[in-house]
Amino acid sequence: MRRHLVVLVAVALVAACQRGPETTPDVVAVLASAIPDRPDDPAWNSAPEHVAKLLLQDLVEPRLMSASTPDVRVRAIAGPTEIAFRLEWTDASKDDLPGNGRFVDACAVQVPQKADPNAPDPQMGQAGKGVQIAYWRADWQATVDGRGTAIQDLYPNATVDHYPFEAASLEKGSDAQRQMASRYAPAEGAGNLRGGPRTSPVEDLVAEGPGSLAPAGGSSARGRGVRTASGWSVVIVRPLPDGLTPTSRTQFAVAVWEGTSQEAGARKMRSGWVGLSMRGTS
Amino acid sequence: MARVYNWQLGREMSYWYPESRPTKQFAAVFDTNKCIACQTCTLACKTTWTSGKGQEYMLWNNVETKPYGSYPMAWDLKLLDMLEAGSWNGSTYTGQTIFESAKAGERVLSWRPEGEDYAYPNVGEDDCAGAVDAGMSLSMPHMAWFYYLARICNHCTYPACLASCPRGSIYKRPEDGIVLVDQGRCRGYQECVKGCPYKKVFFNPMTGTSEKCIACYPKMEVGLQPQCFVNCIGKIRMAGYISKPEQARPDNPIDYLVHLRKIALPLYPQYGLEPNVYYIPPIHVPPKFLRQMFGPGVDAAIAAYRNAANDPDLAGLLSLFGATESVMTRWVRRGEEVAGVDDHGTTLVRVPMREPVHVRAGFDKVYQIMRSNCP
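Protein sequence lines, in the order shown, are assigned to chains E and V. Numbering-wise, the working numbering puts 198 at position 198 of the first sequence, and it's gapless, one number per residue. Numbering-wise, the working numbering puts 1214 at position 214 of the second sequence, and it's gapless, one number per residue.
Just so you know, the hints here were simulated from the structure itself, not pulled from any lab data.
Once the Cα atoms are required to be at most 35 Å apart in a straight line, the calculated DSBU-like pairs of lysine-lysine come out as:
| id | chain 1 | residue 1 | chain 2 | residue 2 |
| --- | --- | --- | --- | --- |
| 1 | E | Lys94 | V | Lys1046 |
| 2 | V | Lys1103 | V | Lys1288 |
| 3 | E | Lys53 | V | Lys1103 |
| 4 | V | Lys1034 | V | Lys1046 |
| 5 | E | Lys172 | V | Lys1219 |
| 6 | E | Lys94 | V | Lys1078 |
Construct the complete structure from the given sequences, taking the supplied hints into account.
See the structure below:
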């Protein structure tokens, strides 16, 4: 009898271990005292998982005409002032090298700028009803993780004779040298840091409709992405969205760009709005 | 899409935005017959604008040998193949433009170069179409031929790069029609790289944005021609401003060559962009090839150009090419002299129609010796 009991307990334990994570029809953030900022933090095991089904962005040109990433597994953990999302999706190829005809893997989370029962258009919001977006990119992650910012870091066989702003007559790191280098990197000179070097792989953005994406004033999002055996696992941490409290909810959407499929900008897989709520006490 | 008028096609066409022509339109004429592919223009541009990180491969100006040269690889052949054959009814294009033949989900008919396509800027250099056999003699047009095609951004009236950008990061300056990428707004989607049929927008992998020829606008703004123009050894180029055909002025050098004498023609007008770099076609190349590249005006253009020796005004204006760094918005011929003039009527340069020729006798009487190198 006692042996039977041991067997039953063992079977029950195995079954519990094999059972997948709790899944929810919306994104449910569990309250916690500490926000995990690494994808492999054990704290994520406490959060239920929402599988966000992705749609082709086929509303505005240029459209994505062929579906790639089917879904994203989303978990969320909220603290007093911030919320962390972990996005995981399947992607056979690691695309983190920008270049001609080369596109990088990326993802983003989107929430309404203002909580509203009538949510903005899920496709980047609409005029007067904006959205906030936190955007992570694999090449930025690689730079943050230590990849260099020379052309050979992107094209290992590249050969360069000379850059004018690295002339021996210019003191390295001097104001004059930096100013000259900036003139040869016009986007950087304009304050548009699309390439490296970067200190964060995440960028805060706002939008009021397709084509209106703009940097948010004052960046506060952070994050980290790592390759998994089957794809990417990315954590994005941002301030609590407007209207999200233990007793009130807001909306959430996600997008994924798959580099091998040459996805960038409007060519992406994206979800519609799903609910975002909190549960538990910290 | 809006309906706009494209005078190069002789008809209305579809475009992503309504017609909005600038106050002035930057334009240029390149005389292909004078180009020797020395690439001085390429280097002038390179050293001025694209010496930064991520710009190593960029050639905002390049010179390629036709028919086999191309940078990036097969930039023209790939799109011509996609566009399929279109016909002209006189000076009216009856085929489809790249805007009208855009596939579902796309703003223009286009293709995307890969990194490898930029790796061979000298492919096809000096390669001749047809074999030159021993004892062969050439007649006009040549049976075996090649020529040099110098290329910059065409600063099109209907830019496909601008139409392709989903976030309006490319703009056409209302004051001079120069097309620029807003480096503060571009997010590096590379839609413009794909959309430009001339492949004159380049992605910078280090800055993460796309960049292109800026027509040396800091120079143009003060009345000076771009670097690739003023450094041209062969003096094949002239920069200025072009009017709409119905407003063409005979004293505007570009208007005169393009609208009035029609010896300078747009590059692949059938694409539908109304490009604003105009080419005097090479006189020795079979017109069948040239008609595809420059449209139906090729035969008349070559005939007029070949008759320039008997055409003082045309010959005079052609002699102003490369005569000054300044932009000549007007020109005038006074007898055997031609002058470039600016908007204020100030003469910028005067050039004799024929350089003085001095013939020395073959025998030097002073030294009592036959001169060498004398006819």
